[in-house]
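Residue numbers (our numbering), protein chains in the order written: chain E, 27 to 382; chain W, 27 to 382; chain U, 27 to 382.
These are calculated hints, taken from the structure and not from any lab test.
The reader is advised that the hints may include incorrect statements.
Put simply, identical chains are the same to the list, so a pair is met inside one copy or across any two.
Under the rule of at most 30 Å between Cα atoms (straight-line distance), these lysine-lysine pairs were calculated in the BS3-like manner [stated by the list, open to error]:
| id | residue 1 | residue 2 |
| --- | --- | --- |
| 1 | K324 | K77 |
| 2 | K77 | K268 |
| 3 | K260 | K71 |
| 4 | K199 | K155 |
| 5 | K71 | K324 |
| 6 | K206 | K46 |
| 7 | K259 | K83 |
| 8 | K259 | K138 |
| 9 | K351 | K77 |
| 10 | K46 | K77 |
| 11 | K83 | K138 |
| 12 | K260 | K199 |
| 13 | K268 | K324 |
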Amino acid sequence: MTSTVLKEKILGLFEGMRGKSLITTQDWSLDELIATLELAEDMQKYRFTDKYAYILKDRSFMMFFYNPSVRTRQSFEVAATELGGHALFLEPKSMRLKTAKTAGETVEDAAKVMSRYACGIGIRILEDKVSCYGQGEELLREYAKWSEVPIVSMAHDTFHPCQGLADVMGYRKHIGKNLKGKKLLQVWGHGALCRSWCSVQESLLIGSRFGMDVTVASPPGYDLDPKVIEMTKKNCSLNGSKFEISHDPVECYDDADIVYSRNWMSPNAYRDGEYHKQEEIEKAMKHTDWICDAQKMKHTNNAVFIHPMPIDRGNEVTDEVASGKRSIIYDVAEDRLHVQKAVMALTMSKFFADNR
Amino acid sequence: MTSTVLKEKILGLFEGMRGKSLITTQDWSLDELIATLELAEDMQKYRFTDKYAYILKDRSFMMFFYNPSVRTRQSFEVAATELGGHALFLEPKSMRLKTAKTAGETVEDAAKVMSRYACGIGIRILEDKVSCYGQGEELLREYAKWSEVPIVSMAHDTFHPCQGLADVMGYRKHIGKNLKGKKLLQVWGHGALCRSWCSVQESLLIGSRFGMDVTVASPPGYDLDPKVIEMTKKNCSLNGSKFEISHDPVECYDDADIVYSRNWMSPNAYRDGEYHKQEEIEKAMKHTDWICDAQKMKHTNNAVFIHPMPIDRGNEVTDEVASGKRSIIYDVAEDRLHVQKAVMALTMSKFFADNR
Amino acid sequence: MTSTVLKEKILGLFEGMRGKSLITTQDWSLDELIATLELAEDMQKYRFTDKYAYILKDRSFMMFFYNPSVRTRQSFEVAATELGGHALFLEPKSMRLKTAKTAGETVEDAAKVMSRYACGIGIRILEDKVSCYGQGEELLREYAKWSEVPIVSMAHDTFHPCQGLADVMGYRKHIGKNLKGKKLLQVWGHGALCRSWCSVQESLLIGSRFGMDVTVASPPGYDLDPKVIEMTKKNCSLNGSKFEISHDPVECYDDADIVYSRNWMSPNAYRDGEYHKQEEIEKAMKHTDWICDAQKMKHTNNAVFIHPMPIDRGNEVTDEVASGKRSIIYDVAEDRLHVQKAVMALTMSKFFADNR
């Protein structure tokens with residue numbers, strides 16, 4: 027597709043994406059998600075050329091990291107830079123937000139002022155910074171309510187939309203653009219990092235939106251958010267695809283096209299307003315049979331291996347698989363950059379191009 | 027005014043501003059302050075165009091935050107970005123400055139080296155980082171002595187010149203450019219944030235420079251720096267305008283054109299080389315009648331409400347006033363960006379434009 | 027030399043520098059070091075012109091600071107900015123690297139992912155962040171093994187190549203480009219900062235590479251890394267120049283052309299896997315005769331005084347010398363910027379120029 031045609035297509039069809047927040051891919055239409063992926067693919071192709079280099083020229087994107095991050099920080103800051111803009115790295119210790127207990131600024135005031143300075147606001151807030159699951163999601167929706175510029179989740183307790191988009195960008199490259207009927211195995215891995223539900227839940231939602239058969243496999247006691255499971259089932263039902271839950275660490279691999287092995291915490295991690303991390307790790311580390319290895323991969327349909335990183339090697343997956351020929355982990359990590367550039371371009375630029 | 031005329035006017039009249047530090051607006055001539063405001067107004071008009079986009083192209087502005095900040099950090103970093111430059115966010119923990127007690131680098135060495143790298147240096151240092159009022163001011167003046175590039179206060183214990191400029195930019199937009207004879211009410215509000223004198227003192231100085239009648243109102247025991255009060259009186263006297271001190275939380279509102287309600291600490295906050303924050307908060311919170319509300323605003327001359335933010339809503343001012351039609355808080359917050367861009371352009375660029 | 031000739035010379039001879047890591051100048055050929063210095067000198071001449079302004083246009087350089095820093099942070103961040111690129115300031119607290127004791131990411135995974143985002147990676151890691159001398163060097167070499175983009179030392183326990191290049195750039199300006207037979211006095215100074223061996227060891231290596239006579243002077247008990255001393259002797263031997271060790275705080279100054287006075291820790295600073303900083307400081311502060319002063323400077327060949335800064339004035343050197351006419355400390359600090367720009371241009375840009 028030529029640059030002009032692509033531009034017209036995106037300008038024509040998705041004018042409405044300007045100003046749109048991205049809290050989960052479930053909030054966006056399938057057409058919008060596909061437009062984002064196509065733009066991201068074109069951005070990868072034309073990286074380091076002038077084509078997209080002025081889209082956010084001298085614009086500022088605010089990144090609020092309530093939780094530290096390596097990949098997310100790097101990929102967002104590089105994304106803004108490659109579009110000609112600038113990302114501000116802001117840490118919550120420097121926010122004096124009003125809470126039930128402390129004096130400070132309201133989200134309304136903070137969001138309205140930032141809308142005067144920024145072209146968009148990214149927020150990352152995970153389990154250990156909130157007192158119960160769902161509070162991170164609430165904070166993002168509160169920001170989106172008052173902000174006049176888009177709010178983008180950079181991972182929060184419930185969802186991780188940019189990871190979900192990068193996952194699918196990786197699938198499209200490695201197993202083809204038609205994902206209907208492909209089997210996505212979302213399998214729990216033991217490990218010592220006590221991980222958030224956000225990447226995994228986003229994966230279920232976006233995978234089922236693209237028509238994949240979805241299997242969630244874990245030891246008993248590792249149920250995810252029932253509302254997200256319901257949404258996933260509904261997505262599958264609308265697409266006529268399958269949804270399964272398995273507690274068998276081996277059989278679940280049968281005929282998978284994509285194996286996504288990752289640890290996640292149990293629903294008991296939050297109790298009595300606290301986050302019981304050490305207890306979770308001890309419990310998880312006992313399930314030593316829940317590891318993705320070469321033997322299990324043999325039962326798949328020559329599946330690709332995917333993981334949002336950082337990987338807990340030797341626990342979630344063996345080195346042999348993580349560094350093997352069917353591992354697409356580094357490509358997907360790179361795709362974070364491309365999809366984030368596409369999201370920023372579509373939602374945060376006043377003009378798609380030629381605006382300087 | 028056309029771009030060329032403006033440029034010539036500023037180039038012609040204010041050549042001398044290059045290299046100038048900004049520690050308080052009182053150090054600058056009225057002509058220089060007006061030139062800065064006119065440039066800021068033009069920069070707002072032409073934001074996101076090429077007009078001022080190359081003024082600090084690839085130049086670096088150093089920001090030293092001894093105290094954290096939301097708005098100041100954001101507005102300076104965005105200002106540098108929108109002029110084509112870059113702002114470095116530096117925190118004092120990474121400075122090893124020599125003090126009476128510790129080995130380290132002298133201000134002379136630090137300032138001389140930074141002058142080789144940067145086009146300007148911003149410094150923020152408030153009450154809790156110094157052991158007595160005035161030490162922040164001393165540090166800025168020491169930097170200005172040795173630095174070959176401009177030093178800009180990003181708020182220090184004594185003054186906050188960029189806030190003062192933004193305040194006046196807001197007045198000019200909302201009540202007109204002729205501020206002579208307009209009444210500025212600088213009124214204390216109770217609250218739990220124990221605030222610095224810097225914004226308030228800067229407001230008194232710049233307000234009186236522009237010919238406004240100034241009323242300072244607070245409960246007894248909340249006197250500001252006597253030297254600043256003297257300067258304000260002198261400014262008023264030179265302009266033939268009025269200066270009043272009031273301890274009545276209601277009458278002070280009579281016929282005000284601008285109501286600036288904000289908490290500030292008492293002179294007892296610093297005692298014995300320490301900063302007694304908790305004691306100050308407890309004392310302040312007893313003065314519940316010192317809040318700006320709609321009832322009091324009725325006594326004014328349909329005044330605008332202004333506050334440098336973050337606001338302690340429900341204490342300094344009611345939501346009804348802060349979010350009301352006459353509140354100009356978000357505009358003034360935005361004006362921080364424009365005046366800072368103007369200050370940087372006038373003092374830090376080798377050539378006003380066309381320098382690349 | 028015209029721009030085109032310089033460009034062709036560098037493109038022609040040093041094509042092989044692209045992708046090269048810089049962990050110590052000893053790893054680079056003398057031709058490569060000279061090319062870097064010549065480019066740095068040209069970059070100083072054409073600073074703030076378009077000539078080198080697009081070399082890293084919209085590229086991202088990752089800076090990992092395990093240790094805080096003033097000058098290094100500023101000079102690298104400004105270097106990236108002046109080449110049109112962007113430097114990310116990353117602190118180790120936000121890295122979850124796998125160690126013997128903790129779960130986390132492997133260096134392989136971290137380096138491979140960063141290679142997808144960045145044009146280069148800088149790492150700073152000094153004594154107090156490792157448990158024995160040499161671990162910093164090991165970490166950099168491990169990163170260089172896996173990374174597909176250059177690794178640059180921003181000072182580590184063993185070496186500080188950019189400081190070494192800046193030192194020599196300063197010598198070339200102040201005592202001429204022919205350094206053969208000039209005497210470099212590397213002299214220990216007492217002080218309360220307990221300094222790393224990195225700058226001093228790099229100075230010995232690069233000084234001896236350029237044919238200088240080298241004298242290392244210190245009180246007994248302050249031996250440097252024996253392997254580095256061996257390399258320095260070998261460099262001297264290949265150049266037919268002299269290498270001396272002295273324990274006399276006065277005589278060592280005889281006929282020196284360059285006096286480089288700086289504190290360094292003793293080999294006992296690391297014992298039993300710990301870093302005994304306080305003990306080192308107490309021991310060092312007793313050697314009050316080890317200070318560079320005007321009296322000693324009289325014995326030199328009108329030597330220039332150099333120090334990598336920050337200076338511990340009154341201990342390592344007197345104010346009279348540090349601020350005297352023969353002090354080149356600020357020039358060398360500025361040269362850090364120019365040599366780092368040259369290193370980044372030569373190793374990290376896909377095309378030397380015209381690449382946008």
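Task: K199 and K155: within-copy, between-copy, both or neither at 30 Å Cα - done: neither (35 Å within a copy, 41 Å between copies)
TODO: First find the shortest C-alpha distance between K268 and K324 inside one copy, then the shortest across copies, and answer within, between, both or neither for a cut-off of 30 Å.
DONE: Only inside one copy: K268 and K324 sit 22 Å apart there, 66 Å across copies, limit 30 Å.
Open item on the list: For K260 and K71, with the copy left unspecified, which applies at a CA distance of at most 30 Å: within, between, both, or neither?
Closed with: For K260 and K71, neither the intra-copy (35 Å) nor the inter-copy (49 Å) Cα distance is at most 30 Å.
TODO: Tell me, please, which holds for K71 and K324 at an alpha-carbon limit of 30 Å: within, between, both or neither?
DONE: Classified as neither; 33 Å inside a copy, 62 Å across copies.
Open item on the list: At most 30 Å between CA atoms: does that hold for K351 and K77 within a copy, between copies, both, or neither?
Closed with: For K351 and K77, neither the intra-copy (33 Å) nor the inter-copy (44 Å) Cα distance is at most 30 Å.
TODO: First find the shortest C-alpha distance between K206 and K46 inside one copy, then the shortest across copies, and answer within, between, both or neither for a cut-off of 30 Å.
DONE: Answer is within; shortest intra-copy Cα gap is 27 Å, inter-copy 45 Å.
Task: Alpha-carbon proximity between K259 and K138, which holds within one copy, between copies, both or neither at 30 Å - done: neither (37 Å within a copy, 36 Å between copies)
Open item on the list: As a check of your reading, is K324 near K77 (CA-CA no more than 30 Å) within one copy, between copies, both or neither?
Closed with: neither (43 Å within a copy, 56 Å between copies)
Task: K46 and K77: within-copy, between-copy, both or neither at 30 Å Cα - done: both (23 Å within a copy, 29 Å between copies)
TODO: Using 30 Å as the alpha carbon limit, work out where K259 and K83 are close: within a copy, between copies, both or neither.
DONE: neither (42 Å within a copy, 46 Å between copies)
Open item on the list: If the cut is 30 Å between Cα atoms, do K83 and K138 qualify within a copy, between copies, both or neither?
Closed with: both (22 Å within a copy, 29 Å between copies)
Task: Intra- versus inter-subunit Cα pairing at 30 Å for K260 with K199 - done: within (26 Å within a copy, 53 Å between copies)
Hint violations for this structure: numbers 1, 2, 3, 4, 5, 7, 8, 9, all remaining hints satisfied.
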